[in-house]
Amino acid sequence: MSRRQDRVQDGQPVLQVRGVRKAFGGLQVAQDIDLEVRQGTVHALIGPNGAGKTTLLAQICGEIIPDGGRILLNGQDITTLAVHARARLGLARSFQITSLLNGLSVFDNVLLAVLGRSASPWRMWGNVRRQEPFASQARALLEEAGLARRADDDVLALSHGEQRQLELVLALAASPALLLLDEPMAGLSAAESAEMTQRLMQLKGHHAMLLVEHDMDAVFALADTVSVLVNGRIIASGPPEVVRANAEVQAAYLGEGMEEQPQSRPPA
Amino acid sequence: MRLPLRGMVAVLEWGLLAALLAAPLLAQWLAAPFWLDVATRLAILALAAVGLNLLLGVGGLASFGHAAYLAIGAYATAIPIYHSLYGGGGWLATDNGLLHLLLAVAAGGLFALITGALALKTRGIHFIMLTMAFSQMLFYLLQGLETYGGDDGMSLDVRSQLPGLDLDDAAQLHWLAVAALVAGLMLFRMVQRSRFGLVLMGCKARPERMWALGWPVRPVLLAAFVIGGMLAAVAGWLSANHATFVSPAMAEWTHSGELLFMVILGGAGRWLGPLTGAAAFVLLEEWLSSLTLYWHLPFGLLLIGIALWQAGVLQRGGRP
Ligand SMILES: Nc1ncnc2c1ncn2[C@@H]1O[C@H](COP(=O)(O)OP(=O)(O)O)[C@@H](O)[C@H]1O
Ligand SMILES: [Mg+2]
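Line by line, the protein sequences are chains W and U. Residues 227 to 494 (the numbering used here) make up the first sequence, in order. Residues 39 to 358 (the numbering used here) make up the second sequence, in order.
Quick caveat, the hints were computed from the structure, so don't treat them as lab data. In this text, all values refer to a predicted model and were calculated from it rather than measured experimentally. Quick reminder that beta carbons are idealized off the backbone N, C-alpha and C, glycines included. Don't take each hint at face value.
As the list claims (entries may be wrong) - Label-pair distances were calculated between CB atoms; the ranges are:
| no. | chain 1 | residue 1 | chain 2 | residue 2 | range |
| --- | --- | --- | --- | --- | --- |
| 1 | W | 315 | U | 151 | 21 to 31 Å |
| 2 | U | 50 | W | 369 | 33 to 43 Å |
| 3 | U | 52 | W | 352 | 17 to 27 Å |
| 4 | W | 344 | U | 342 | 43 to 53 Å |
| 5 | W | 417 | U | 224 | 45 to 55 Å |
| 6 | W | 253 | U | 257 | 48 to 58 Å |
| 7 | U | 148 | W | 355 | 31 to 41 Å |
Based on the provided sequences and hints, a complete structural model is requested.
Here you go:
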C-alpha cells in the first residue's frame with residue numbers, strides 16, 4: 227500500500243485533464259473533469275453505463291473536441307490536436323469494440339502499428355513487408371503475444387480472445403507513453419480475463435495507463451488510483467481501498483448498481 | 039475447383055497482355071485493322087481503370103467520376119493542338135506531345151486535388167455522389183466551351199507530335215498505349231506493395247483505427263485520388279490521339295460507371311484485373327452492338343450480372 231503510494235508520487239504526470247467539459251445537446255457527458263495519470267501508474271475510471279467514460283477517452287484521444295478545458299500530454303497542450311498527431315506524440319488506445327483492420331493479415335495489422343509512430347506514409351516504393359527494422363519489430367511483437375503462427379491469417383479468422391490480444395498488441399506496438407484502455411476485458415471468459423489482467427500487470431510500470439473497466443477484480447488488482455464517473459462528473463477519486471469504502475460510491479455504483487452491469491462481477 | 043479457376047484467371051491476364059503487345063502483328067497477319075483499333079481502345083481504357091483500381095481496389099474509394107480525367111487529358115491535348123493550327127491561345131498553342139502529356143497530368147492532378155479534398159470530407163454514398171457531381175460539372179463546363187465545339191466536341195486535325203514516334207501510324211500509337219498501360223500497371227504494383235499501399239489498405243479497412251495508430255488518413259486518400267486521376271488523364275491524352283476526337287460526353291457519369299464495372303469485373307485490387315475487365319467490356323460492347331441496335335440495356339444488365347457473379351467467385355476463392 228505505501229509502496230504503491232510512493233510510486234504514485236514519484237511519477238511525472240503523463241496525462242493531465244483540466245476542467246474538461248462536453249455536452250451532447252442538453253446531455254452533460256463531461257462536467258469539469260480533472261484527472262491525472264502519472265508515469266508508470268494505472269488510473270482506473272469506473273462508473274455505470276452511459277456515465278461518459280468512452281466519451282472522455284474519445285476527448286483524450288482527439289476524436290471528440292471538448293467544449294472547454296485543457297488536455298495535456300507530457301506537458302504539451304493537445305486539446306485540439308488531430309487524432310493521428312496525438313498518436314505520434316505517444317498516445318495509444320484500444321477500442322471497446324474490437325477494431326482491427328479487417329481484410330488485412332495479422333502481420334500487416336501489427337506492421338502498420340509499428341510504423342505508425344514514426345514512419346512517413348509517403349514511401350511509395352520497396353516492399354514494406356521486408357523493410358527493416360520495422361518487419362522484425364512486428365514479428366517480435368507477435369512472437370511475444372503468442373500470435374506468431376497466426377501472422378499470415380486474416381484477422382477475421384482469429385478467435386475473440388486472440389482478437390482482444392491483437393487489439394492490445396496494436397496499442398502497444400509504438401511503445402506509447404500513455405495507453406487508453408476501453409474495457410479490455412469486455413466479452414472475455416473468466417480465464418481469458420485473468421490472463422488479460424496478468425498481461426496488463428506485466429505492462430504496468432512501462433506505460434502509464436488509463437483503464438476503463440467493469441471487471442472489479444481487474445480494476446482493484448491493477449489500479450493505483452480509481453476515479454468514479456457518474457453522469458459526467460467525477461464523484462470520487464483516490465487509492466482503490468479508499469474509493470471502495472466511499473459511501474457515495476457504494477450507493478451510486480458499487481452497491482446495487484452492480485446488477486445493472488452485465489459484464490461485472492462483485493469485487494473480491 | 040478454386041485453384042484451377044484462379045490459375046485460369048492468371049493465364050487469361052498474362053495471355054491478354056501478350057495479345058495486346060502482339061496486336062499490331064496479329065492484325066496485319068489476319069488483315070483485320072479493325073481489331074487493332076479495338077485493342078488500342080482496350081489498352082487506353084485499361085490504363086484509366088488501373089488508376090481507378092488504385093482508388094477502389096486498394097483505398098476503397100468508389101469514385102463515380104473517374105471518366106472526368108479521360109476528358110481532362112483529352113482536352114489538354116486537343117486545345118493546344120487547335121491553337122497551334124488556328125492561332126490564338128498564347129502559351130497553350132503547341133503540337134508538342136510531351137507538353138500535351140504534361141498538361142494532361144497537371145490538369146488532371148489539379149482537378150483531383152481540388153475535388154478530392156472536398157469529396158473526401160465525406161464517406162460512402164456521399165463520396166460517390168460528390169465525385170459524380172464534380173464530373174457532371176466538368177461535363178457542363180466543357181459543353182460551354184463554344185470555341186472548342188461546345189457540346190458537339192471537336193476533331194483533332196493533327197495528332198500530338200512526339201520525337202521518334204509517328205502517332206499517325208496505328209501500330210506505333212498502339213505500342214505507345216500498351217507501353218503506357220504497362221508503366222501504369224508497374225506503378226500500381228509498386229505502390230500496392232509499398233508502405234503507402236499498405237497504409238491505403240488500412241484506410242480502406244478502418245479509418246478510425248488508422249488515425250489512432252498515427253496515420254493521416256485523409257491526406258493519404260487524397261494522394262491516392264490524385265495519382266489515380268493522373269493515370270486516367272494519361273489515358274485521356276492517348277484517347278484524344280487515338281480517336282482524333284474529343285467531346286464533353288467523355289466526362290459523362292455513364293463512362294465513369296463503365297470504368298467501375300471494368301475494375302470490379304477484373305477483381306478490385308487485383309494487379310492485372312483492369313486488363314481482363316477492360317477486355318471483357320470492350321469485347322462485349324463490340325459483340326452486342328453487332329447483334330442489335332438497342333444494345334445498351336442488355337449490355338448494362340449483362341455487366342451487372344457478370345459483376346455480381348465475379349464478386350461471388352472472388353469471395354469464395356478468397357476465403358480459406
Ligand atoms: N456522439 C454522441 N452524440 C450524442 N450522445 C452521445 C454521443 N456519444 C455518446 N452519447 C451519449 O453520452 C452518454 C455517455 O456515453 P459513453 O461515453 O459511451 O458512456 P460510457 O462509456 O460511460 O458507457 C450516453 O448517454 C450516450 O448515449
Ligand atoms: Mg463505454
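Each hint, compared with the structure:
1. 315(W) <-> 151(U): 21 to 31 Å: 28 Å, holds
2. 50(U) <-> 369(W): 33 to 43 Å: At 40 Å between Cβs, range holds.
3. 52(U) <-> 352(W): 17 to 27 Å: This hint holds: roughly 25 Å between Cβ atoms.
4. 344(W) <-> 342(U): 43 to 53 Å: Distance hint for residue 344(W), residue 342(U) holds at roughly 46 Å.
5. 417(W) <-> 224(U): 45 to 55 Å: 51 Å, holds
6. 253(W) <-> 257(U): 48 to 58 Å: Violated, since residue 253(W) and residue 257(U) (Cβ atoms, about 34 Å apart) do not stay within the stated range.
7. 148(U) <-> 355(W): 31 to 41 Å: For residue 355(W) against residue 148(U), whose Cβ atoms are near 34 Å apart, the range 31 to 41 Å holds.
Figure legend: structure checked against the earlier numbered hints; the only hint not met is number 6.
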